[in-house]
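There are 2 protein chains.
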Amino acid sequence: MKIVYFGSLKTKFIKTGIERYVKWLKPYERLSLLELKSGGDVNREQVENIQKKERELLFKSLKSETLIVLDEAGDDMTSVEFASFIEKSRINSKELLFAIGGYTGFHTDVKKKAVKTISLSKMTFTHEMALLLLIEQIYRSMKILNGEKYHY
Amino acid sequence: MKIVYFGSLKTKFIKTGIERYVKWLKPYERLSLLELKSGGDVNREQVENIQKKERELLFKSLKSETLIVLDEAGDDMTSVEFASFIEKSRINSKELLFAIGGYTGFHTDVKKKAVKTISLSKMTFTHEMALLLLIEQIYRSMKILNGEKYHY
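If you read the sequences in order, they're chains B and P.
Per the numbering used here, the first sequence starts with residue 2, numbered consecutively.
Per the numbering used here, the second sequence starts with residue 2, numbered consecutively.
Just chain B, same shape as in the assembly (with noise of 0.2 Å):
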């Protein structure tokens, strides 16, 4: 499994979570995490420029990948949904790689040549907490499909 994101890691405690999670999935699951170049800024560039810019870096870096967007307008899962989904892609056996947008968000090629569109909620949040939400959310997929506890 992939996660491609834009966007540096600023924040310290998002950093730690972050790792505790690869750290936490490594008996389940093989997790990378690739950080790509953010498109630019908004206040200088048109945010069609930077969803094309980011859209070049990410088809760059996509190989045989399924692709899965994570875009506010995606569909909505519970996390018992997330988990099945997880696993009925895998039994294909491509790697899926996870994309998360700038916060300019992505450029709809990006969006058409994703496999799914999955929204981890209606409410905005920084590329940052989304990578530890979605991250979270694999962690307790590997729970739920190991039939494990998972609630701290």
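Certain hints may be false.
No copy labels: a pair is met if it fits in one copy or bridges any two.
Distance condition first, Cα-Cα at most 20 Å in a straight line; then the derived SDA-like pairs of lysine to any residue [said to hold, decoys possible]: (1) Lys150 / Thr12; (2) Lys144 / Thr125; (3) Lys123 / Val81; (4) Lys150 / Gly106.
Hints in this document: simulated from the structure, not taken from any laboratory.
Position chain P relative to chain B; hints supplied.
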């Protein structure tokens, strides 16, 4: 504004994150956190017993505040909707009290007493993560209501 939650904050990175937002919120809003003892262990006790205990504890801590309950089955809102909900609620000049349940969720009495039930996500998060998300959204609301930029 107050946030009441059940069960302790065990995870250090979440604690750090919460402290960070509380500090950032200071210029905008006085926010106090109240930790209540969890109603019990779901392996040993019935869900209803736990919910009843947490109901008693919550109602005891509730004075004249407007109760808002966080619940997966609650209303989902965008961040802008959440901000305008906070703004409207403040016009009544009553203090807002947000309540986050333990892993059994709240007793129906609690939901009935609430002025509003809000869902942060259809996905399940730990009470710790829910607290972090809520406080981040409160901070985001303050930035939105003050027309300030915030995207990290």
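message = Flag every earlier hint the structure violates by its number, smallest first.
response = none
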